[in-house]
Amino acid sequence: MTPARSLVWLRLQKREVQRPLINAAALFIIGGVVQVITGKFYTVGNIENIFVEIAVVAVIVCAESLVMVAGAIDVSVSGVVVLTGIVSGLLAQHMALWLAFVLATLTGAFCGLVTSFLVLGVGITSLIATIGMLYVTEGVANLLTNGLPVVNLPSSYATVGSGRIGGVPWAMPMVFFVLIVFVAIQRYTILGRNAIAVGSNSNGAFLNGVNVRRTMTLCFVLCGTAAGWAGIVYASRIGNPESTLDNDLLFQVIVACVVGGTSLLGGQGTVFGAFLGAMLIATINNALDLLGINLFWQDISLGALLVIAVGLDTGLRNFRHSPLWKMFRSVRQPR
Amino acid sequence: MTSEELILEVRSIQKNFGGVVALSNCNFSLRPNEVHAIVGDNGAGKSTLLKIIAGALQPDGGELLVDGQVVSFTSPKATREYGIATVWQELALIDHLDATANLFLGRELYRPFPLSLLGVLDKRAMRSQASEQIRRLKVNVKSVDQQLLGMSGGQRQAIAIARALTFGSRMIIMDEPTAALGVRESAAVLESVREVRRAGRAVIMISHNLQDVFAVADRVTALRLGRTVATVEVAETTAEEVVSMMTGAYVTN
Ligand SMILES: Nc1ncnc2c1ncn2[C@@H]1O[C@H](COP(=O)(O)OP(=O)(O)OP(=O)(O)O)[C@@H](O)[C@H]1O
Ligand SMILES: [Mg+2]
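Line by line, the protein sequences are chains A and B.
Oh and the first sequence: position 304 is 304 in my numbering, straight run, nothing missing.
Oh and the second sequence: position 59 is 1059 in my numbering, straight run, nothing missing.
In short, the hints are calculated from the structure, not lab data.
There may be inaccurate statements among the hints.
To be verified - Straight-line alpha carbon distances no greater than 20 Å define the calculated SDA-like cross-link-like pairs of lysine to any residue that follow:
{"no.": "1", "chain 1": "B", "residue 1": "Lys1123", "chain 2": "B", "residue 2": "Ser1152"}
{"no.": "2", "chain 1": "A", "residue 1": "Lys14", "chain 2": "B", "residue 2": "Ser1152"}
{"no.": "3", "chain 1": "B", "residue 1": "Lys1077", "chain 2": "A", "residue 2": "Thr217"}
{"no.": "4", "chain 1": "A", "residue 1": "Lys14", "chain 2": "B", "residue 2": "Asp1145"}
{"no.": "5", "chain 1": "A", "residue 1": "Lys326", "chain 2": "B", "residue 2": "Ser1152"}
{"no.": "6", "chain 1": "A", "residue 1": "Lys14", "chain 2": "B", "residue 2": "Ser1143"}
{"no.": "7", "chain 1": "B", "residue 1": "Lys1142", "chain 2": "A", "residue 2": "Trp9"}
{"no.": "8", "chain 1": "A", "residue 1": "Lys14", "chain 2": "A", "residue 2": "Ile30"}
{"no.": "9", "chain 1": "A", "residue 1": "Lys14", "chain 2": "B", "residue 2": "Gln1147"}
{"no.": "10", "chain 1": "B", "residue 1": "Lys1077", "chain 2": "B", "residue 2": "Gln1058"}
{"no.": "11", "chain 1": "B", "residue 1": "Lys1138", "chain 2": "B", "residue 2": "Glu1185"}
{"no.": "12", "chain 1": "B", "residue 1": "Lys1077", "chain 2": "B", "residue 2": "Gly1119"}
{"no.": "13", "chain 1": "A", "residue 1": "Lys14", "chain 2": "B", "residue 2": "Gln1146"}
{"no.": "14", "chain 1": "A", "residue 1": "Lys14", "chain 2": "B", "residue 2": "Phe1167"}
{"no.": "15", "chain 1": "B", "residue 1": "Lys1138", "chain 2": "B", "residue 2": "Gly1119"}
{"no.": "16", "chain 1": "A", "residue 1": "Lys14", "chain 2": "B", "residue 2": "Gly1150"}
{"no.": "17", "chain 1": "A", "residue 1": "Lys14", "chain 2": "B", "residue 2": "Val1141"}
{"no.": "18", "chain 1": "A", "residue 1": "Lys14", "chain 2": "B", "residue 2": "Lys1123"}
{"no.": "19", "chain 1": "A", "residue 1": "Lys14", "chain 2": "B", "residue 2": "Lys1138"}
{"no.": "20", "chain 1": "B", "residue 1": "Lys1077", "chain 2": "B", "residue 2": "Asp1067"}
{"no.": "21", "chain 1": "B", "residue 1": "Lys1123", "chain 2": "B", "residue 2": "Phe1167"}
{"no.": "22", "chain 1": "B", "residue 1": "Lys1123", "chain 2": "A", "residue 2": "Val17"}
{"no.": "23", "chain 1": "B", "residue 1": "Lys1123", "chain 2": "A", "residue 2": "Gly209"}
{"no.": "24", "chain 1": "A", "residue 1": "Lys14", "chain 2": "B", "residue 2": "Met1151"}
{"no.": "25", "chain 1": "B", "residue 1": "Lys1077", "chain 2": "A", "residue 2": "Val310"}
{"no.": "26", "chain 1": "A", "residue 1": "Lys326", "chain 2": "B", "residue 2": "Met1151"}
{"no.": "27", "chain 1": "B", "residue 1": "Lys1077", "chain 2": "A", "residue 2": "Leu316"}
{"no.": "28", "chain 1": "B", "residue 1": "Lys1077", "chain 2": "A", "residue 2": "Gly311"}
{"no.": "29", "chain 1": "B", "residue 1": "Lys1138", "chain 2": "B", "residue 2": "Ser1128"}
{"no.": "30", "chain 1": "B", "residue 1": "Lys1077", "chain 2": "A", "residue 2": "Lys14"}
{"no.": "31", "chain 1": "B", "residue 1": "Lys1123", "chain 2": "A", "residue 2": "Arg213"}
{"no.": "32", "chain 1": "B", "residue 1": "Lys1142", "chain 2": "B", "residue 2": "Ser1152"}
{"no.": "33", "chain 1": "A", "residue 1": "Lys14", "chain 2": "B", "residue 2": "Arg1127"}
{"no.": "34", "chain 1": "A", "residue 1": "Lys14", "chain 2": "A", "residue 2": "Val310"}
{"no.": "35", "chain 1": "A", "residue 1": "Lys326", "chain 2": "B", "residue 2": "Leu1149"}
{"no.": "36", "chain 1": "B", "residue 1": "Lys1123", "chain 2": "A", "residue 2": "Val8"}
{"no.": "37", "chain 1": "A", "residue 1": "Lys326", "chain 2": "B", "residue 2": "Gly1150"}
{"no.": "38", "chain 1": "B", "residue 1": "Lys1077", "chain 2": "A", "residue 2": "Ala184"}
Isolated chain A, as found in the complex (with noise of 0.2 Å):
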């Protein structure tokens, strides 16, 4: 075998390559049938629409990768997209709507800053803290509003949300930006790095000297920051921010991590993986949209997506140690 041939066969053995090339198939076969059917899948209206849809997803998904990867798991994502939805219309109100933007993020990065307190400092498990976090953020929001929508904002505030930049709506450079800077970090730098030795082996990596507590603050720092980022999305999208939870919102991060490859588990995922796993998401709930089926099919759809994604996983380990596979692998390379 030459060097150059083993090298991508290593590569193929690793689930985050087999995952994302699996989930990128999927995406273009059900397009594809889509497609053929409807005969509106691949337009330009169409694409557009999807990542309209799945935007504060797909931001969300990027940065709780990465905290799946080191192991933890943050939950309250979809808590501190209420609170910050709501920071940045009533800060709107009164100020220019960039530096509300800029505030309200921040809000975002303080609560990912008061979980990694509590999961570092205190030593709650990230489950278990988070859950605290996504009902604190969401009684937070609901106490500055009185559970009362935002209204009198600039119409600039629906921007974000909805607004069109250069012939493409906004929400699609922004999830581009988002996407490459998640991947950048997760692939070229340090704490994508560390994040993965922490959660494979954290008292392994505080061996070697890997800083646990850093790496581990840095990534639910950047995950509360891209969530509250997602927070003004989401309310701007809406037009007037509301302080009502949006598990859904939760559970399509989650999914869409486990789908795109990430592990439970921690040590194994990767941003664009996940990301994947967000627009297969989008692309299902598109298709049954296109084809008129009804929409309580799209929680059935997330559900089975999930099960066969996990299944397909599990599957292919057991099928890799039968004895099968160890026939075909002797044929393949004669020793």
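For chain A, the structure is supplied; the task is to place chain B with the ligands on it using the hints.
Here is chain B with the ligands on its own, set in the frame of chain A:
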């Protein structure tokens, strides 16, 4: 030998875990350019002593001196500037990273300024240095790009040892480096210990295997129930005497 000539000195170190006394009144010294073996029964406190020297645990009493200066290692990272590297008993490898990343874990190379500020890794430099190191140390892996997940116990141990040999510029600490290895691999490890000493570095090696100890060590210290029983020159002792040190039958003459 005076304190100034010792590269490392442990003075009456104490360590408790809750009610368990793991170490009490431990004394140990390391000369530059020697291989110093630590022996003792299971639970004698060998790994605990080593973890204190390597910064993973903090002692409850006593002093640690490097080059005659009192130091306090608050984390394994703190030992780095002293050129100390460790092969941990549990190896401390990251299964989901490749051999290169494991070799450089915690000591990554960065791209030049300003990218270094953002923590951007110099992957190419690390990969080529790792390949060279792995070839030099004859680590039997197919490629430095291979994840550790599917590797054998021996391959993993070899990578952990290669890591310590690469970065322990003055002192290499090994906790049972040959435990998971076959005869040939063990011999290779012992050979690299000799080579390290020839290169002027010092080695602390925990081992259960007296044959290995007599093959490479200059001095041997026995631990029993959390205390250092005695330190003897290997050239002036016998296996029987070392065993008697470990079991408590030893009497100082
Ligand atoms: N983290 C810990 N918490 C509680 N007790 C501990 C801890 N680490 C070690 N001990 C105890 O301290 C004592 C010494 O343990 P240590 O691991 O140093 O022994 P060892 O000599 O390395 O043994 P082995 O040959 O089995 O590796 C044991 O009684 C052990 O139970
Ligand atoms: Mg031990």
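Hint check:
1. The hinted pair formed by B/Lys1123 and B/Ser1152 fails the criterion: a straight-line CA distance of about 25 Å is larger than 20 Å.
2. This hinted pair checks out: A/Lys14 and B/Ser1152 have alpha carbons roughly 18 Å apart, not beyond 20 Å.
3. Note on B/Lys1077 and A/Thr217: the hinted pairing holds, with a Cα-Cα distance of about 18 Å set against a maximum of 20 Å.
4. A hinted pair counts as satisfied when its Cα atoms are at most 20 Å apart, and A/Lys14 with B/Asp1145 qualifies at roughly 11 Å.
5. For the hint pairing A/Lys326 with B/Ser1152, the CA-to-CA distance comes to about 18 Å; that is within 20 Å, so the pair holds.
6. For the suggested pair A/Lys14 and B/Ser1143, the alpha carbons sit about 15 Å apart, so the restraint of at most 20 Å is met.
7. With a C-alpha separation of about 12 Å, the suggested pairing of B/Lys1142 with A/Trp9 holds against the 20 Å cut-off.
8. The suggested pairing of A/Lys14 with A/Ile30 is violated, with an alpha-carbon distance near 24 Å, which exceeds 20 Å.
9. For the hint pairing A/Lys14 with B/Gln1147, the CA-to-CA distance comes to about 9 Å; that is within 20 Å, so the pair holds.
10. Distance check on the hinted pair: B/Lys1077 and B/Gln1058 sit about 13 Å apart at the alpha-carbon level, within 20 Å; holds.
11. Restraint check: the Cα-Cα separation between B/Lys1138 and B/Glu1185 comes to about 10 Å, which is no more than 20 Å; the hinted pair holds.
12. Between B/Lys1077 and B/Gly1119 the alpha-carbon distance is near 17 Å, which keeps this suggested pair within the 20 Å criterion.
13. With a C-alpha separation of about 10 Å, the suggested pair A/Lys14 and B/Gln1146 falls inside the 20 Å cut-off, and the hint holds.
14. A C-alpha spacing of about 29 Å is found between A/Lys14 and B/Phe1167, which places the hinted pair above 20 Å, so the restraint is violated.
15. A hinted pair counts as satisfied when its Cα atoms are at most 20 Å apart, and B/Lys1138 with B/Gly1119 does not qualify at roughly 31 Å.
16. Straight-line distance between C-alpha atoms of A/Lys14 and B/Gly1150 comes to about 11 Å, which keeps the hinted pair within the 20 Å bound.
17. Under the criterion of a C-alpha separation no larger than 20 Å, the hint pairing A/Lys14 with B/Val1141 is consistent with the structure, at around 17 Å.
18. Using a Cα cut-off of 20 Å, the hinted pair A/Lys14 and B/Lys1123 holds, with the two alpha carbons roughly 19 Å apart.
19. Restraint check for A/Lys14 and B/Lys1138: the C-alpha separation of about 26 Å exceeds 20 Å, so the hint is violated.
20. Distance check on the hinted pair: B/Lys1077 and B/Asp1067 sit about 18 Å apart at the alpha-carbon level, within 20 Å; holds.
21. In summary, the hint linking B/Lys1123 to B/Phe1167 is supported, as the alpha carbons are separated by about 18 Å, within the 20 Å threshold.
22. The suggested pairing of B/Lys1123 with A/Val17 holds, with an alpha-carbon distance near 19 Å, which does not exceed 20 Å.
23. For the suggested pair B/Lys1123 and A/Gly209, the alpha carbons sit about 19 Å apart, so the restraint of at most 20 Å is met.
24. With a CA separation close to 14 Å, the supplied pair A/Lys14 and B/Met1151 stays within the 20 Å bound.
25. A threshold of 20 Å between alpha carbons decides the hint, and for B/Lys1077 with A/Val310 the separation of about 38 Å lies outside it, so the pair is violated.
26. Note on A/Lys326 and B/Met1151: the hinted pairing holds, with a Cα-Cα distance of about 17 Å set against a maximum of 20 Å.
27. With a C-alpha separation of about 40 Å, the suggested pairing of B/Lys1077 with A/Leu316 is violated against the 20 Å cut-off.
28. With a C-alpha separation of about 41 Å, the suggested pair B/Lys1077 and A/Gly311 falls outside the 20 Å cut-off, and the hint is violated.
29. Distance hint between B/Lys1138 and B/Ser1128 is fulfilled; the C-alpha atoms sit about 15 Å from each other, no more than 20 Å.
30. For the suggested pair B/Lys1077 and A/Lys14, the alpha carbons sit about 30 Å apart, so the restraint of at most 20 Å is broken.
31. Of the pairs offered as hints, the one joining B/Lys1123 and A/Arg213 is violated, with about 24 Å between alpha carbons and a cut-off of 20 Å exceeded.
32. With a CA separation close to 12 Å, the supplied pair B/Lys1142 and B/Ser1152 stays within the 20 Å bound.
33. Restraint check for A/Lys14 and B/Arg1127: satisfied, since their Cα atoms lie roughly 19 Å apart, inside the 20 Å limit.
34. Our distance criterion of 20 Å between C-alpha atoms is met by A/Lys14 and A/Val310, whose separation comes to about 15 Å.
35. Note on A/Lys326 and B/Leu1149: the hinted pairing holds, with a Cα-Cα distance of about 18 Å set against a maximum of 20 Å.
36. This hinted pair checks out: B/Lys1123 and A/Val8 have alpha carbons roughly 18 Å apart, not beyond 20 Å.
37. The suggested pairing of A/Lys326 with B/Gly1150 holds, with an alpha-carbon distance near 15 Å, which does not exceed 20 Å.
38. Pair hint B/Lys1077 plus A/Ala184 does not hold up; C-alpha atoms about 26 Å apart against a cutoff of 20 Å.
Of the numbered hints stated above, those contradicted by the structure are hints 1, 8, 14, 15, 19, 25, 27, 28, 30, 31 and 38, listed in ascending order.
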